[in-house]
Amino acid sequence: MQVYDTELILSWTPREFQNFIKGAQLRIVDQYEGMAKQAMFNRYAQNSKRAKEKKMFDAQTARKRVMNGTGNWKESREPKINTDRYRAAQKAMKAYRMKGG
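75 is the number that this note's numbering gives to position 94 of the sequence shown; each next residue is one higher, with no gaps.
Think of the hints as simulated: they come from the structure by calculation, not from any bench. Misleading hints may appear alongside valid ones.
Said to hold, decoys possible - Here are the simulated distance ranges between beta carbons:
(1) Asp(-14) to Leu7: 20 to 26 Å
(2) Glu(-3) to Asn63: 47 to 53 Å
(3) Glu56 to Asn23: 17 to 23 Å
(4) Asp65 to Glu34: 20 to 26 Å
(5) Phe(-2) to Arg68: 48 to 54 Å
(6) Phe22 to Met79: 40 to 46 Å
(7) Asn63 to Pro(-5): 52 to 58 Å
(8) Glu56 to Arg(-4): 29 to 35 Å
(9) Lys36 to Lys3: 33 to 39 Å
(10) Gln(-1) to Ala32: 41 to 47 Å
Each residue gets a CB set at the ideal place from its N, CA and C atoms; glycine is no exception.
Please take these sequences and the hints and turn them into a complete structure.
This is the structure we're talking about:
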């Protein structure tokens, strides 16, 4: 919680105190989430034949997104599938009609 001044804590309203406690708990949840992601990155790096840093997290893309003000910079990584091919396949499947039946 990192606030040790009792006079300051006692001067808060009940809502401020409740929000402070909730924020501290959410900080702990974020730390656990970070540890879980770190464990998954570690598992991927140890078990993959060709582990690449960009597949886990692309720092260069994240920096660009931060500088541009995009909010999804934490999700910066190399996509697993080629989205252009996926969209083309979906379009082809919509136009496909089975013969006969």
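Okay, the hints, checked on the actual structure:
Between Asp(-14) and Leu7 the Cβ separation comes to about 22 Å, which falls inside the hinted range of 20 to 26 Å. In this structure the hint that Glu(-3) and Asn63 lie 47 to 53 Å apart at CB holds, the actual value being about 50 Å. For the pair Glu56 and Asn23, the beta carbons lie near 19 Å from each other, so the given range of 17 to 23 Å is met. Remark: the range hint 20 to 26 Å for Asp65 to Glu34 is upheld by a beta-carbon distance near 24 Å.
Checking the proposed 48 to 54 Å range against Phe(-2) and Arg68 shows it holds: the Cβ atoms sit about 51 Å from each other. Roughly 44 Å separates the CB atoms of Phe22 and Met79, a value that falls within the hinted 40 to 46 Å. For Asn63 paired with Pro(-5), a C-beta distance near 54 Å keeps the hint of 52 to 58 Å intact. Checked against the hint of 29 to 35 Å, the C-beta distance between Glu56 and Arg(-4) comes to roughly 33 Å, which is consistent with it.
For the hinted restraint 33 to 39 Å between Lys36 and Lys3, the CB-CB distance of approximately 35 Å keeps it satisfied. Between Gln(-1) and Ala32 the beta carbons are some 44 Å apart, a value that agrees with the proposed interval 41 to 47 Å.
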